[in-house]
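Engineer: Below are the chains, spelled out letter by letter.
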Amino acid sequence: MSSHALDQPKVAPVRRGPGPMARAIDTTLGRGLIQIAAVAIVLACWQAAVDAGWLTEFLVGAPLGIWRMFHAQLASGDLAIDTWTTLVEAILGFVIGTVAGSAIGLGLWYSTFVARVVEPFIVAINSVPKIALAPIVILWFGTGLVSKVALAVSLTALVALIAAYGAARDADPDLQALLASMGATKNRIFRSVIVPSTLPAIIGLFRINIGFALVGAVVGEFISSQRGLGHMIYTASSLYDLDSVWVGLFVLMAVGFVLYHLIDLVERRILPWRQVSTAGQVQV
Amino acid sequence: MTANDTSRTIQLSLRDIRKSFPARSGPVPVLDGLDFDIHERDFVSIIGPSGCGKTTVFNVIAGLLEPDSGSMTFRGEPVAGLRGRVGYMMQKDLLFPWRTVLGNVMLGLEMKGVEPKQALDTAREYLSTFGLSGFENAYPKTLSGGMRQRAALIRTLITDPDILLLDEPFSALDYQTRLYLEGVLLDAVETFNKTVVLVTHDIDEAVALSKRVVVLGNRPTRVKAVHDIVLADRSPIGARSDPAFSDYFHTLCGELDIQTRRKVA
Ligand SMILES: Nc1ncnc2c1ncn2[C@@H]1O[C@H](COP(=O)(O)OP(=O)(O)O)[C@@H](O)[C@H]1O
Ligand SMILES: [Mg+2]
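Quick mapping for you: the protein sequence lines, in order, are chains A and B. Yeah, the first sequence ends on 284 if you go by the UniProt record's numbering, and it's all consecutive. Yeah, the second sequence ends on 265 if you go by the UniProt record's numbering, and it's all consecutive.
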């Protein structure tokens, strides 16, 4: 009988928490060192593969070349100007698109009727791949800053609108009822329930939209521009200057990374109630 | 006895309140002509089978739901609902997660437009009366169930509402905490001279706390019986050991058709 596994009571294997070794490594410093080591290994392998002739430097670039190019562009000041250009486009697009989109999305909470009327239009417009609008946007808004901002707005606004409306609709009806029983007006309920309860979703949206805004700016620059990281990447790749392409990509990555963490800072400021405790998290 | 007279003055009366909710198969009647009165400084418990419409009655009284028909009068005047005049404590301890205890407690005062400085003083006073001093800046999710419920109770009392509507306020708590909070509630009601309507599924609690018990029938519901509860001692434990307690208890159990044993045919 004992051979029947099913007869045995099912007992989950007890997993122990991290051992002393793991605990020593699992610190900010420990994790950072591991992350840096991982990057260093990848770069070293890449450089070695190029040096050994397994990879064609002409097509993939090489870390040392990228580093030299980075310095050259930094020294000439081109990199700073290009980065600044893209950053301004993306941030303007992000702010305008996200603020306008979320405001309209939250505003739709006021009227289910209006929300139902406009819903199919929003879904339809949102299902157009916005990148496909890029050529028209350039036609309408020229080759300068405005067209890139417009493109970033087109990528971020509807996402914001849909997410904000969804979050507003999901806001706890009981909290709203409670305020109503206290005699609160609709505006009051909006301010005291809808806005605070949608903030986490809206901050989450910021993270997504930072990425979309950068896409808008860079694609706009690909199509027509005088400056910007997208412009730099595009022209460099048409000249097979792969090292410059990588410089542009890495800087874009760094820009996205910094913006993402800025949002973390913002989140910690305006959502203190969300990080009361991570200590209660179950260790498995 | 003049004291007895005021306690028999009708504060709120519901007459023939009907409410149905739309469902796929047509409207489902929930309240089927509800009639009852709440006296000044009354303590009425409403008991009834689960899903019979107790919360719905509260939503109607609070003015959150419009009845299909019927009328309500408050101190002799016809009213559509008591929005802004009730202290409604809902079934869950509905604290705002993004507000601290202090912020939650002050909510009602903010709604009334009380000056912030004064609201703060009042809130601190209540928090200390209810033993929550020191937790002013804590967020609700860091509190125990009993503390959350106390905070919700303060929020309900602090605006000095005409009627308290308490919807199963203690049902999620353990027995000790519940007895303790029942005591807190009784003291508060006595101190502040409040009218209380309490929904509970706990017959025990209804008998121990109330002056009167309204029994509702199955959905669609109407009032099945109203009982006056007369106990010498109204403290949570004292009431439960009163000789008359078990009579009331059995009568109410009978009216709710509660069977603790399978019937043997
Ligand atoms: N907003 C609503 N829409 C549809 N049905 C509802 C709504 N609120 C309550 N009901 C129904 O009315 C009945 C009574 O609900 P409720 O008053 O919450 O009962 P309880 O006595 O348990 O508090 C239930 O069957 C419930 O499904
Ligand atoms: Mg209920």
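Hints in this document: simulated from the structure, not taken from any laboratory. A couple of the hints might just be wrong.
[Claimed, not checked] Rough simulated footprint, nothing fancy, chain B against chain A, three-plus residues with beta-carbon under 8 Å:
(1) 68-81
(2) 177-184
[What the hints assert, rightly or not] Within a straight-line C-alpha distance of at most 25 Å, the following computed DSS-like cross-link-like pairs (lysine-lysine) qualify:
(3) Lys211/B - Lys141/B
(4) Lys112/B - Lys92/B
(5) Lys186/A - Lys92/B
(6) Lys186/A - Lys112/B
(7) Lys194/B - Lys141/B
(8) Lys224/B - Lys211/B
These numbers come from a predicted model, not from an experiment. For glycine and all other residues, C-beta sits at the position ideal for the given N, C-alpha and C.
Engineer: Look at each hint and say if it fits the structure.
Structural biologist: Right, here's what the structure says about each hint:
Counting residues of the stretch 68-81 of chain A whose C-beta sits closer than 8 Å to any C-beta of chain B gives 0, which falls short of three, so the coverage hint is violated. Coverage of a stretch by a chain is defined here by at least three residues with a beta carbon nearer than 8 Å to that chain's beta carbons; for the stretch 177-184 of chain A and chain B the count is 8, and the condition holds. Note on Lys211/B and Lys141/B: the hinted pairing is violated, with a Cα-Cα distance of about 35 Å set against a maximum of 25 Å. For the hint linking Lys112/B to Lys92/B, the alpha-carbon distance of about 23 Å falls within 25 Å, and the restraint holds.
Straight-line distance between C-alpha atoms of Lys186/A and Lys92/B comes to about 23 Å, which keeps the hinted pair within the 25 Å bound. At roughly 14 Å between alpha-carbon atoms, Lys186/A and Lys112/B fall within 25 Å of each other, so this suggested pair holds. With a C-alpha separation of about 29 Å, the suggested pair Lys194/B and Lys141/B falls outside the 25 Å cut-off, and the hint is violated. For the given pair, Lys224/B sits about 17 Å from Lys211/B by alpha-carbon distance, which is consistent with the 25 Å threshold.
Hint compliance for this structure: hints 1, 3 and 7 are broken, all remaining hints hold.
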